[in-house]
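One line per chain: the protein sequences are V and A, in this order.
Residues in the first sequence are numbered from 1 upward in steps of one, following the working numbering.
Residues in the second sequence are numbered from 1 upward in steps of one, following the working numbering.
Everything labelled a hint here was simulated from the structure, so no lab data went into it.
Computed from a prediction, not measured in an experiment: that's the story for all the values here.
Positions of the beta carbon are idealized from the N, C-alpha and C atoms, including for glycine.
Incorrect hints may appear among the rest.
[Stated by the list, open to error] Below, a sample of chain A positions facing chain V; criterion: calculated Cβ distance under 7 Å:
#	residue
1	L5
2	I8
3	T151
4	L153
5	V172
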Amino acid sequence: MRKVLREAILTVMTAALAAAILLPTFLILKLLIEVGVYEAALPAVVGFGMLLAYLLRRETAGG
Amino acid sequence: MDSGLLFIGFIVAVALLFDFFNGFHDAANSVATVVSTRVLSPGQAVVWAAFFNFVAAFGLGVHVANTIGKGVIETAIIDERLILSALIGAIVWDVITWRYGLPTSSSHALIGGLVGAAIAKAGTDAVIGAGLRNISAFIVISPMVGFIAATLLALAILHIYSRQAPSTVQGVFRRLQLLSAAVYSLGHGTNDAQKTMGVIAILLFSTGHMGGEFHVPIWVILSAHASIALGTLFGGWRIVRTMGLGITKLEPQDGFAAEAASAAAILFATQVGIPVSTTHTIAGGIIGVGSIKRLSAVRWGVAINMVIVWILTIPASGLVAGLAYLVAREF
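One chain only, chain V, in its complex shape:
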């Protein structure tokens, strides 16, 4: 019973966490789109994605 309750609480908390991460991400993207899709969103998204991939590569090198 305790395990089920614990899992239920974790499920709700994780769904809330997902919303807390995803909503701001898309609010930022919407702002970029309002500035101009091609001019702002594309380089910003590609730049951030490449930075993230580089950081992951450093973190996981040799892993």
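Got chain V sorted already, so can you dock chain A onto it with the hints?
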């Protein structure tokens, strides 16, 4: 019945067949992660996805349909032959990529088809540059956003659940994956069905069967959603293997992060009226969750082949559509 109307009815049927095939082709994207993590059996997963594909008909708008209908090529040059040629280009490319198990984009195949047929009919001036530019930008943005959002989410999950027992993690994410698969299927249903709606609506509008103002009739909305849902029900298992097992090995928490992030990206694009590839977006998400383990966990050879096919999609479907138009013009 008037033969012109019969021809339009035939093209509407071909458009709905394309939509059915879109569901069939992209069923893998909706269900690959839930199947590969064994949260649902393949049969249960396709029913789950198809249900949410259909439910997406209600309340998610028609912004993408408007973009397809009015934002890719000049409406003044559209006629029955052009739309039929565009559909032929998209269907031929979909069949080729399905045959080889390549998860390409039915959406970009359709856009390529419209552009190719329009150029064959009236030259490059018939293409709306700004519309095509925004769609092209999202060819890169949508998988990249799927990658970024899925990576951030997966990192947060990894951090929070690092001290939890594996059985607890499995229990939580098996439930959450049902939710993420449902939301993903809503996004897939609305963004992809709207492309077919846009094609049918512009066909009816440009042939004078809609009245003075461009809009998407309710019967078009319902039939497009029914077609994509049926296509999903019949599923495309070759591509399930590539998406669910070919790129990286998935755990339920990985599947949740990839699907939730991709679903959010697709629903966002739908709200701003951009037709994106649901295939590209989920692939970006899957690569994101794979790469936080180890970059070597991602089968980069598979991922690179997919990118090559993505780049080829618009020109290849455009070429087939252009040739189809040149043939159709003779009749």
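Here's how the hints hold up against the structure:
1. With its C-beta approaching chain V no nearer than about 39 Å, L5(A) sits outside the 7 Å limit, and its interface hint is violated.
2. Of the supplied interface hints, the one on I8(A) is violated, with its beta-carbon coming no nearer than about 34 Å to a beta-carbon of chain V, more than 7 Å.
3. For T151(A), the interface hint holds, since its Cβ comes within 7 Å of a Cβ in chain V; the closest pair sits about 6 Å apart.
4. Annotation: interface hint on L153(A) holds; nearest CB of chain V at approximately 5 Å, less than 7 Å.
5. Below 7 Å, beta-carbon pairs count as interface contacts, and V172(A) has one with chain V at about 5 Å; its hint therefore holds.
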